[in-house]
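Visitor: One-letter residues, chain by chain:
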Amino acid sequence: MAGDCGKWVVMVTAQTPMNMSVIKYWGKRDETLILPVNDSISITLDPDHLCTTTTVAVSPTFDRDRMWLNGKEISLSGGRYQNCLREIRSRATDVEDDENGIKIAEKDWEKLHLHIASYNNFPTAAGLASSAAGFACLVFALAKLMNLKEDRSKLSTIARQGSGSACRSLHGGFVKWIMGKDEDGKDSLAVQLADEEHWDDLVIIIAVVSSRQKETSSSTGMRETVETSLLLKHRAKEVVPKRIPQMEEAIKNRDFASFAQLTCAESNQFHAVCLDTSPPIFYMNDTSRRIISIVENWNRYEGTPQVAYTFDAGPNAVLFARNRKTAILLLQRLLFYFPPDSFFGLNSYIVGDKSILKDAGIEGIKDVEGLPPPPEMKDSIPSQKYMGDVSYFICTRPGRGPVLLSDKTQALLNPQTGLPK
Amino acid sequence: MAGECEKWVVMVTAQTPTNIAVIKYWGKRDETLILPVNDSISVTLDPDHLCTTTTVAVSPAFDSDRMWLNGKEISLSGGRYQNCLREIRSLASDVEDKENGIKIEEKDWEKLHLHIASYNNFPTAAGLASSAAGFACLVFALAKLMNVKEDQSKLSAIARQGSGSACRSLYGGFVKWIMGKDEDGKDSLAVQLADEKHWDDLVIIIAVVSSRQKETSSTTGMRESVETSLLLKHRAKEIVPKRILQMEGAIKNCDFASFAQLTCADSNQFHAVCLDTSPPIFYMNDTSHRIISIVEKWNRSEGTPQVAYTFDAGPNAVMIARNRKAATLLLQRLLFYFPPNSASDLNSYIVGDKSILKDAGLEGIRDVEGLPPPPEIKDSIPSQKYKGDVSYFICTRPGRGPVLLSDKNQALLNPKTGLPK
Chain A
178 MAGDCGKWVV MVTAQTPMNM SVIKYWGKRD ETLILPVNDS ISITLDPDHL
228 CTTTTVAVSP TFDRDRMWLN GKEISLSGGR YQNCLREIRS RATDVEDDEN
278 GIKIAEKDWE KLHLHIASYN NFPTAAGLAS SAAGFACLVF ALAKLMNLKE
328 DRSKLSTIAR QGSGSACRSL HGGFVKWIMG KDEDGKDSLA VQLADEEHWD
378 DLVIIIAVVS SRQKETSSST GMRETVETSL LLKHRAKEVV PKRIPQMEEA
428 IKNRDFASFA QLTCAESNQF HAVCLDTSPP IFYMNDTSRR IISIVENWNR
478 YEGTPQVAYT FDAGPNAVLF ARNRKTAILL LQRLLFYFPP DSFFGLNSYI
528 VGDKSILKDA GIEGIKDVEG LPPPPEMKDS IPSQKYMGDV SYFICTRPGR
578 GPVLLSDKTQ ALLNPQTGLP K
Chain B
16 MAGECEKWVV MVTAQTPTNI AVIKYWGKRD ETLILPVNDS ISVTLDPDHL
66 CTTTTVAVSP AFDSDRMWLN GKEISLSGGR YQNCLREIRS LASDVEDKEN
116 GIKIEEKDWE KLHLHIASYN NFPTAAGLAS SAAGFACLVF ALAKLMNVKE
166 DQSKLSAIAR QGSGSACRSL YGGFVKWIMG KDEDGKDSLA VQLADEKHWD
216 DLVIIIAVVS SRQKETSSTT GMRESVETSL LLKHRAKEIV PKRILQMEGA
266 IKNCDFASFA QLTCADSNQF HAVCLDTSPP IFYMNDTSHR IISIVEKWNR
316 SEGTPQVAYT FDAGPNAVMI ARNRKAATLL LQRLLFYFPP NSASDLNSYI
366 VGDKSILKDA GLEGIRDVEG LPPPPEIKDS IPSQKYKGDV SYFICTRPGR
416 GPVLLSDKNQ ALLNPKTGLP K
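As they're listed, the protein sequences go chains A and B. Going left to right, the first sequence walks through residues 178 to 598 as our numbering numbers them. Going left to right, the second sequence walks through residues 16 to 436 as our numbering numbers them.
Read the hints as simulated data drawn from the structure, not as lab findings. Using N, Cα and C, we set each Cβ at its ideal position, and we do this for glycine too. Careful: at least some of the hints might be erroneous.
So the derived label-pair ranges between C-beta atoms look like this [to be verified]:
id : chain 1 : residue 1 : chain 2 : residue 2 : range
1  : B       : Thr234    : A       : Gln561    : 24 to 30 angstroms
2  : B       : Ser293    : A       : Val580    : 34 to 40 angstroms
3  : A       : Asn247    : B       : Glu242    : 46 to 52 angstroms
4  : A       : Asn247    : B       : Asp45     : 57 to 63 angstroms
5  : B       : Gly318    : A       : Glu426    : 46 to 52 angstroms
Let's have the full structure, built from the sequences with the hints guiding it.
Guide: Next comes the structure, spelled out in structure tokens:
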């Protein structure tokens, strides 16, 4: 190790996207290595709207590994963090920072400590699976810092040991997490099925549903399901293996009707096995179910699916519209049934790609109040509205995989001290 | 046929209970004969609290079959009514009313018409499966009127063709509907596992949950599940057969822990299969889920189940408490979370066996307001209450099967005209 003094800091900042599964992961066959009972498929969301940013730094002056999440220091002592750090460190290679005359030899890494700062641009309370993006970012950033030679799929096996679904955030576009057969989990990894340009018509609207409920954590929930649901084994063994190739085909051919049928059926079956658990797990609430009804009514009225829905371990709805026009019609329906609170207004009610509001002809509260009932509800009794049941909406699209951020102003740690800015 | 004039009327009045399935019937293998894909087991409820009363009358003066349900004339032209009437008529034998000098020979029945009046003492809107009690009563009453020689099980095979679950209302206590193997359905009938005295500790509390939703009908819903749920086949073939045997054992041994575990698991699995249907069917709402959580928390804190819950095709909770004391403690918990509107009288908030209120020390609204939070949630954040989410409660118990009512005041038709009183 050479350098002017032992006070140098080497830093790398990366940004990783979130992903949303369309064929669900629920149930492990190995709790420690996080190996699933079936394959899963996901869509990576645009990190411009939802992402984790992580800065990792190494310096001889750091006396221990430390991490800050959204500004608050957290413990790295848990098994999942320890597994990721160990796996990454064991693959570290030589690093040379010619600009600053710093050289780290492979053997040096085990003696050096790390500072890690991570930040999600979406609130944890929104229930938007922050640990997936988080662990993916951690692994990706550390791999860059420590000059790992492994490819993204190999890195995904390390991220997987932090959080199962994190492995799918190592790629953009459409991703499959292969369950693998090996006991050591080396073949349980994520591969890219198609990149984010492959099907760029799709528009994604997320309804962040108001909920006071504390959810059952995914880890606890899926373990209880494995232990007590008599339907889960059948699902994992007979149902999912047939749906995986069907979904791969639907994605390959941009066949929205098949994509939607599979996505909705998968989401509902996942929640079905949660209900078949003892004690039963309820992630969706009345608002979630109302959103499903709105979509189902519209899809049936049009004769071919316009929108697919999926729900994870929480009440939020992730809605996939076949194209921009459909997304606009969807947004109009959603705002009709879930108008914003007239006091707070529209501006913070739709986030992400806000331009969709203008495309929908909605510039202010008056435009929302003027929305007509959807045609498919014409003969029904006057519609009830549910103001306040949705906290806000996020409009996004399929997006790219992890990237390095070269702009030093985006680093979350001070380049001199290695402490959070 | 002899008699002083052709204006005679022969009448019979019967009363039948309703029943609640603890191992669920959901899915037919034959839509016309109403043959199910699995066995089911039910508990018959006390007709003192919930029942159907039916008067059937025959007279040469009647020119067509007619029926009145809850005072309103309804059509008998549907397949289900026609099937029941045809089957019963084909089994009719000689009838002699010596007192009035009336004789009806077997061959006369096909030329005679019937008047039928039926009345449920519980509102249809309560979602308490009125058609089960209704068809059972119709078949039982007609069998008496026409002097049908068959036993209750044979009669259940006829009631089954009106409404599947009706067959189970031909007996009191604990009843099993054997799915049968024959294509003609002759072996698909109900048998009594144990009578209502066998396990008379049990107390049943039904929460009639407020709901504006129009439910998917059972007939439509179960057909959609058969057509679209990939989990249903597995349930019917692999899971229910085992549960049936376990449940029979639990009932025989008055083993409440097993009874509760099976009842709750089967209710949840039935709703899981509904969720796994396309489009998904939601019978339970947030209030139903809250009731499940209340029961699950209490059961777990006691270490052994105190209360079993089950839900049919609607949001109402049917709770079965292991004994009177547990029912009292359950009622206190339910009234704590779901207090009556202070305006309404506590008197109409609990119906059926109202004496349970006194046993629970609840004589007026002040006692309800004074209820402490249940011990098992002591450490949680202050409890939210859900006033108005439950319309009312019914307190009942397992009960007897169909009976004839000899008191002529209880007849629903005028003995001279054969028209509704």
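Visitor: Give me the numbers of the hints this structure contradicts, sorted from smallest to largest.
Guide: none
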